[in-house]
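J.: Which chain is which? The protein sequence lines are G and V, in order. As numbered in full-length UniProt numbering, residues 1 to 224 make up the first sequence, in order. As numbered in full-length UniProt numbering, residues 1 to 351 make up the second sequence, in order.
Accuracy of the hints is not assured; some may be wrong.
Claimed, not checked - List of simulated lysine to aspartate or glutamate pairs, EDC-like, C-alpha gap at most 16 angstroms:
#1 G:146 - V:153
#2 V:274 - V:217
#3 V:134 - V:158
#4 G:172 - G:137
#5 V:288 - V:273
#6 V:197 - V:153
#7 G:135 - V:116
#8 V:119 - G:137
#9 G:218 - G:90
#10 V:319 - V:337
#11 V:126 - G:27
#12 V:87 - V:348
#13 G:213 - G:63
#14 V:304 - V:181
#15 V:202 - V:235
#16 V:119 - G:138
#17 G:135 - V:153
#18 V:319 - V:273
#19 V:283 - V:153
#20 G:62 - G:90
#21 G:146 - V:181
Unchecked claim - Derived coverage of chain G by chain V (criterion: at least 3 residues anywhere in the stretch with Cβ under 8 angstroms from a Cβ of chain V; other residues may be distant):
#22 54-67
#23 72-84
#24 87-98
#25 192-203
Derived from the structure by calculation, the hints contain no laboratory data. Keep in mind that this is a model prediction, so the values were computed, not measured. Ideal Cβ placement from N, Cα and C applies to all residues, glycine included.
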Amino acid sequence: MKEAVIVLLLITGLPAFLYGCNGPGPDTIVAQRSPLLLKGSLLFSNRLIGGQVGLGRMLSWKEKHISKHSGKQKITSKQTVLYGNMVYYDHPGLHRNWMLTAQYDMYRFNKKGFYTEFTPLLGVSRTFLPGTTYKVDDAGNVSILKLAGNWTLTGGFGLGAGKYFTNSGPLKTISLKLITQVFYPNFRFIAFKPHLELNTAWQLSKMQTHVNKRIKLKYSNGKK
Amino acid sequence: MEKNKILLLLLLCILAASIIACQKEDVGSGTAIQDLFYVENQGAKMPVLMEGNIDSGVILLWVHGGPGGTAIGFQNDEFISAQVEPKYAVAYWDQRAAGGSQGSGSPKLDLSQYVEDLKKVVLVLKSRYGANQKIFLLSHSWGGLIAPAFLTEGNNQDMIAGWINVAGAHNYIKNDSLTRDYLLSYGREQILKENRKADWQKIVDYAQVHVPDYTYETSIGLNACAGDAENLISDIHASGEGLSSLLFQKKKAFSLTWMLSNAGATYFSALNDKIMFAEYSSKLYLIKLPLICITGEYDFTCPKGLADEVMLRVASTQKRLVILPHSGHICMSNEPEAFYAEVNKFVEENR
């Protein structure tokens with residue numbers, strides 16, 4: 001169990017730390033209301049297909065306003081959103097898998113609402129084998145094992161890119177993400193499965209939470 | 001609120017459907033079955049893919065190589081589908097910590113556990129398809145250590161109709177000695193003939209200083225040299241099954257990443273150190289089953305000296321040795337037509 005925690009923390013924690021590193025503190029803090037996000041995803045690879053629903057809450061919102069000599073202003077933005085997900089996929093012939101995961105999405109926005117994201121995730125997984133599973137006792141009697149499968153811890157990380165929609169409609173983002181997911185234990189070792197996720201996030205405008213938007217002003221000559 | 005209820009209901013339906021579908025026992029019959037089932041034993045859930053003619057009353061049970069290989073992903077190629085499955089059923093069993101098998105945190109990985117697994121797979125086959133089914137073991141390489149360990153234990157032979165021993169490794173330390181001897185003798189011959197002299201010299205130099213010493217490091221080093229040696233021999237027919245077939249195949253119950261994870265689990269376990277001391281030379285006299293040993297002329301990994309010893313020591317009255325002239329260690333892929341013709345002939349003679 002201790003090994004599992006170390007493995008999963010290494011897989012998820014270190015890259016998250018590196019991605020999330022920031023400079024000095026903000027200049028301005030603005031209290032904002034942010035809607036909860038409902039995520040719907042399609043999971044796929046050449047062998048598996050599945051779906052995911054999740055509920056997300058924005059945790060942080062940082063903006064950097066850089067004023068240039070020309071008078072133009074460049075704004076870069078970072079956001080983090082915590083999602084709780086229910087995931088199902090079917091890998092024919094291997095297993096069907098139900099998972100509960102928590103994932104921490106870190107977005108870095110570029111021009112025109114395009115963004116890149118990095119996502120560490122942690123959760124639990126329960127697989128179900130896709131065929132009759134037999135058990136044989138010491139006397140040689142054969143019986144059928146119901147609900148055969150395994151409980152495992154799951155973790156991993158995802159890298160993706162997407163588009164944020166600024167219009168007033170409920171659809172806020174569409175993104176494509178490569179997830180490398182690991183399961184522990186599998187024969188005292190890790191098993192890994194990569195897949196792609198096509199994600200959509202919808203805002204639930206009636207359910208809102210507070211988030212502090214931190215704004216940092218910067219001039220291109222380096223002075224504040 | 002109504003939408004939320006519908007969503008919840010939908011999720012519950014999917015969950016129920018996925019679980020119910022897992023529990024349905026679906027036993028195939030006929031001349032072209034394709035059944036997938038699992039055998040659970042001591043923390044391991046091992047897939048068995050059944051393909052072919054179950055009405056024949058004959059099942060060939062693959063005991064694959066490795067440890068950590070796969071029968072489902074590697075052995076069920078187009079040749080066996082075309083030449084064997086129309087005649088007999090073939091059971092592709094992925095062993096624990098191999099192929100598509102799935103395990104919890106504490107399964108044992110030692111030879112006695114693999115033997116117990118094999119026994120339980122045989123019992124399930126008999127229970128599922130009928131006690132009258134004639135089961136032939138078709139073991140390859142590391143599977144050729146599991147098979148004699150199984151056959152020489154208790155009354156296990158009574159459940160089996162015959163043993164097809166393909167490049168089997170029934171005695172690990174002898175295997176390493178034979179590998180080294182063959183690398184030295186064949187390599188020196190090639191150096192004298194000035195045939196890829198530099199490449200052979202490297203292999204000979206390595207074998208010269210690495211005397212088998214019951215360590216996995218020496219064993220795996222000689223094994224790697226054996227693979228290198230095969231790559232230098234143009235007389236070996238190219239294998240149809242390559243990396244691309246593993247990557248792009250659509251075989252049921254196969255996941256390349258899962259197979260690699262399992263191979264890692266085996267590699268990093270203590271199994272490889274333990275099996276260095278495994279030998280069944282001294283127990284082969286207990287085997288009375290019909291036997292065929294098939295091996296490749298250029299098999300440096302499990303040289304034909306191993307098959308010679310099996311032939312000499314078993315008590316079987318019906319036994320035959322076949323050496324495929326253009327094959328290395330994976331002789332079923334190097335000369336599949338000749339290989340499966342011999343398999344079919346042996347089964348017909350002993351069914």
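J.: If any of the earlier hints don't hold here, list their numbers in rising order.
T.: Hints 1, 4, 5, 6, 9, 10, 11, 15, 17, 18, 20, 21, 22 and 23 not satisfied by this model.
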